[in-house]
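K.L.:
Work out the full structure, taking the sequences as your base and the hints as a guide.
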Amino acid sequence: MHLGHHHDGPAAVSADAHRPDGTRRALRIGLGGPVGTGKTATVAALCRALRQELSLAVVTNDIYTREDARFLLREAVLPPERITAVETGACPHTAIRDDISANLEAVEDLEDTVGPLDLVLVESGGDNLTATFSRGLVDAQVFVIDVAGGDDIPRKGGPGVTTADLLVVNKTDLAPHVGSDLERMAADARAQRGDLPVVFQSLRGEAGVRDVADWVRARLAAWTA
Amino acid sequence: MNRAALLVLADGRFPAGGYAHSGGAEAAVKAGRLTDTASLEEFCRGRLHTSGAVAASLAAAAALGLDPGALDRAADARTPSPALRAVARRLGRQLVRAARAAWPHQRLDALVRDFPKGAHQPVVLGVAAHAAGLGPEDAAYCSAHEGVSGPATAVVRLLGLDPFEATAVLARLAPDVDRVARDAVAAAHRAAREGIDTLPARSAPLLEIGAEAHAAWPVRLFAS
Ligand SMILES: Nc1nc2c(ncn2[C@@H]2O[C@H](COP(=O)(O)OP(=O)(O)O)[C@@H](O)[C@H]2O)c(=O)[nH]1
Ligand SMILES: [Mg+2]
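Here the protein sequences line up with chains A and B, keeping their order. All residue numbers for the first sequence refer to our numbering, where the first residue is 201 and numbers rise by one. All residue numbers for the second sequence refer to our numbering, where the first residue is 4 and numbers rise by one.
Just so you know, the hints here were simulated from the structure itself, not pulled from any lab data. Treat the hints with care, since some could be wrong.
What the hints assert, rightly or not - Covered stretches of chain B (in silico footprint by chain A; criterion: 3 or more residues with CB under 8 Å from a CB of chain A, positions within the stretch not fixed):
# : segment
1 : 6 to 19
2 : 23 to 36
3 : 78 to 84
4 : 90 to 97
Stated by the list, open to error - Partner residues aside, some chain B positions facing chain A, computed with beta carbon under 8 Å:
# : residue
5 : Ala101
6 : Arg160
7 : Arg182
To be verified - Residues of chain B placed beyond 12 Å of chain A at every Cβ, according to the derived structure:
#  : residue
8  : Glu44
9  : Gly72
10 : Pro119
11 : Gly138
12 : Gly153
13 : Ala157
14 : Glu211
All residues carry an ideal CB built from backbone N, CA and C; glycine is no exception.
P.N.:
Spelled out as structure tokens, the structure:
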């Protein structure tokens, strides 16, 4: 991160920490992971948990519908002008990694129209275990898997599981029903990730998204420090 | 001659947002007009000689140094569909970002200043070519090539068309691309002498109509 530095000329190119007017831009956090693991549900829960204390917005990258954005709109987790759907031509991983221009535009337009923002959540429409975000687009990334996808996913690894700034193992409420061994998943995740954090959560449980929200608050404190 | 820079700008992986657009192919597939390799070739040929020729001329004129503001108005006037005008500006904005990172240049900075929401993509492409040390012919080639390679790539995803066949279509269209690029350069020089109004104004009504319908679909694979 190049704090204190910004690109010359009228607008930032990509990851610059400052907007063209010199103010600090919002922290951008990406959420990726396989289809159906609970990324959109986590985004929705984060919005509900954080919207009183932060100015935030969401960018979704859908595969071929606007399903995720529609869900968030229907659930009214944020006012509609704070939710933008990026269309990805069936290539969500391209939009978040290889050619981030559409996502950068979406983020910048949100800052222009509803800003100033503290936080932008960027969800990548379900891809596979190799989907990771470009550092030019997000400052930190969360990889969401679930216990129903099989408890050997942490062991298998892949760039999302091993390198994400936060690994979320979601739907722990289902573990007894699908026969997933949470202890083993935790041990495998530790082996793959070393000191990088892992959160086990159930959005159906009382604690809900609390640990992830706390992690986001800590990232934000570091970003604005 | 700056051939290596041309390859960078013309590369389909140049990160300027093109991957999310089908150039009207998705609408044509849905309408049943684009079903196989033969109809892909006809679709691309039609696009190349209509909106493709206009885009290549605009790009060549911008690379030649003509006023981007006037060219942008000319592009607006030559694009009846509001949906296509919006797409052209969005892609122009994405292209200017990538181009500024690759070839910092005051003409690109000026484009961002004058068109914060994006100028028409062919105009930006011409200025980007200039910034990269390329000429009007290079800009016209880039524009004409991407005008047919975009739909060909999209149709591989939309129809599961054999990618070798799709590439062979592009190879067969190469002489047409040569001709369109050559004509575009001539048109740009004439515009420099006689005014921007002399640029070609061909259009493809089905592309315009299809784009309007496509923009209203609730479910689609491509942004345009
Ligand atoms: N049982 C259970 N279901 C969940 C949990 N989190 C999400 N879901 C459900 O899982 C399904 C997929 O969630 P979604 O957020 O759309 O997944 P995405 O494709 O990763 O965005 C939805 O039906 C959610 O309600 C959880 O913690 N426990
Ligand atoms: Mg989702």
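K.L.:
If a hint holds in the structure, say so; if it doesn't, say that too.
P.N.:
Evaluated hints:
Counting residues of the segment 6 to 19 of chain B whose C-beta lies closer than 8 Å to any C-beta of chain A gives 3; at least three are required, and the coverage claim holds. Under the rule that three or more residues need a Cβ within less than 8 Å of chain A, the assignment of the segment 23 to 36 of chain B holds, with 3 such residues. Residue count for the segment 78 to 84 of chain B with a Cβ under 8 Å from a Cβ of chain A: 0. That is fewer than the three needed, and the coverage hint is violated. Counting residues of the segment 90 to 97 of chain B whose CB lies closer than 8 Å to any CB of chain A gives 3, so the stated coverage by that chain holds, three being the minimum.
The beta carbon of B/Ala101 is positioned within 8 Å of a beta carbon in chain A (closest approach about 6 Å), and the interface hint is therefore held. Taken as an interface hint, B/Arg160 checks out: its beta carbon lies about 6 Å from the nearest beta carbon of chain A, inside 8 Å. Violation of the interface hint for B/Arg182 is found here, the shortest Cβ-Cβ separation to chain A being roughly 29 Å, above the 8 Å cut-off. With a cut of 12 Å on Cβ distances, B/Glu44 stays outside the contact zone with chain A, its closest approach being about 22 Å.
Non-interface call for B/Gly72 relative to chain A: holds, since the shortest CB-CB distance, roughly 16 Å, exceeds 12 Å. With a minimum CB-CB distance of about 7 Å to chain A, B/Pro119 fails to clear the 12 Å threshold, and the non-interface call is violated. Residue placement check: B/Gly138 keeps its beta carbon more than 12 Å from all beta carbons of chain A (closest about 24 Å). The Cβ of B/Gly153 sits about 10 Å from the closest Cβ of chain A, inside the 12 Å cut-off, so the non-interface label is violated.
Distance check for B/Ala157 against chain A: the nearest CB is about 7 Å away, which does not clear 12 Å, and the non-interface claim fails. In this structure B/Glu211 is separated from chain A by more than 12 Å, as the shortest Cβ-Cβ distance comes to about 20 Å.
In terms of the numbered hints stated before, the structure departs from hints 3, 7, 10, 12 and 13, listed from lowest to highest.
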